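**Student:** Each chain is listed here by its residues.
There are 2 protein chains.
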Amino acid sequence: MSEEGSAKIHLALVHFPVYNKTGEVVASSVTTLDVHDISRICRTFAVENFYVSTPLQTQKELVARIIGHWVDGYGAEYNPTRKEALLSCKVIDTVDEAAKDIEKRYGIAPQIVVTDAKNFPQSVGYKEMRSEFQKGGHFLLLFGTGWGLEKNLANSADYILNPIDGLDGFNHLPVRAAIAIILDRLLSKTE
Amino acid sequence: MSEEGSAKIHLALVHFPVYNKTGEVVASSVTTLDVHDISRICRTFAVENFYVSTPLQTQKELVARIIGHWVDGYGAEYNPTRKEALLSCKVIDTVDEAAKDIEKRYGIAPQIVVTDAKNFPQSVGYKEMRSEFQKGGHFLLLFGTGWGLEKNLANSADYILNPIDGLDGFNHLPVRAAIAIILDRLLSKTE
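Residue numbers (my numbering), protein chains in the order written: chain A, 130 to 320; chain B, 130 to 320.
One thing to keep in mind: the hints can contain errors.
A pair counts as met if it fits within one copy or between any two copies, since identical chains are not told apart.
Here are the simulated DSS-like pairs of lysine-lysine, each with C-alpha atoms no more than 27 Å apart in a straight line [stated by the list, open to error]:
1) Lys247 with Lys212
2) Lys256 with Lys318
3) Lys150 with Lys212
4) Lys137 with Lys280
5) Lys137 with Lys150
6) Lys137 with Lys189
7) Lys256 with Lys219
8) Lys219 with Lys280
9) Lys150 with Lys233
10) Lys256 with Lys233
11) Lys264 with Lys233
For the record, the hints were derived by calculation from the structure and aren't laboratory data. Since this is a predicted model, take the numbers as computed values, not measurements.
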């Protein structure tokens, strides 16, 4: 769905491993509204695949049921644009599984791009990331729920994006809002 | 909270008059999650006041109860950043009341900026709007819920912003996501 010659973008919303409020590594709960909002945001910016990553079986069933209702069930007729948005949404166990799914479908492994509310020494800016996208290939953007992605995910990534700077130090955006802003910065054609 | 010399920005989330799915003018229901998400987004971009506009008494009480819980109640201790975000959130009847509140507090009437998913002949771009902000003054940004703001609100506004163009024609962002993207485009200092 992206333009020919430019990169194909995929996104994973990660529920494990993430930090909780006290800094422990946990599996966070899926927020059903995230599935809807982020599907619509991904569809707006022509993201190829939106992966909801959770290792918890009951949570996977919950997300699968939401997608089923809107893609195949009554919801598909009631709200066709929601169906269209959810068509690219998939439930998976781990980030690794998302990367393998991309490799299987497109014959090329994605480069991993981590987003985080903190700065890392190797963080890159949005213009620089856009330039990388111009070279083509597949990129998998990871967004953590809860209090953010476990740090090994960041340390093993190909790229870490700069955090979104607020105007006076408040740095508590909902993940839904961070995804909207970051996809707009990276993918929008608007001047 | 904005920089000296630049404009002060206010935002209203409008629940009446807006369109419903079939094009009738209605008062839409307040989504409690909007109150939280948009408060955090507004706080991130140093918006002065976030007005939740609804004429329905029960809805006003609902929003006031949410704010009370997190600003004065148990929630203030449990989650101080949520308190901080909600401090600038106010419930009002109408867009007019928001404009009057700004005039009363700051001694100057705000210019009204309408956002819409449709294009109008007089729509302006984001760079142009940023230039207007450089001149100073107060601006009140209106975002419609439901199927968008009733058209007289747009026609009587000082500015109408260009819609957010998706990459291949899908134009169904949640209002929360549209607000995140538009505030980032208009107010972010990030290159």
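**Student:** Now tell me, hint by hint, if it's right for this structure.
**Tutor:** Taking the hints in turn, this is what the structure says about them:
1. Lys247 with Lys212: Intra 34 Å, inter 22 Å, cutoff 27 Å: inter-copy only.
2. Lys256 with Lys318: Both, since 13 Å and 14 Å are each at most 27 Å.
3. Lys150 with Lys212: between (34 Å within a copy, 16 Å between copies)
4. Lys137 with Lys280: So Lys137 and Lys280 pass the 27 Å test inside one copy only (25 Å; across, 38 Å).
5. Lys137 with Lys150: neither (34 Å within a copy, 33 Å between copies)
6. Lys137 with Lys189: within (25 Å within a copy, 44 Å between copies)
7. Lys256 with Lys219: The answer is neither: 29 Å in one copy and 37 Å across copies each exceed 27 Å.
8. Lys219 with Lys280: within (24 Å within a copy, 38 Å between copies)
9. Lys150 with Lys233: Classified as neither: same-chain Cα gap 36 Å, cross-chain 40 Å, threshold 27 Å.
10. Lys256 with Lys233: neither (30 Å within a copy, 42 Å between copies)
11. Lys264 with Lys233: So Lys264 and Lys233 pass the 27 Å test inside one copy only (21 Å; across, 53 Å).
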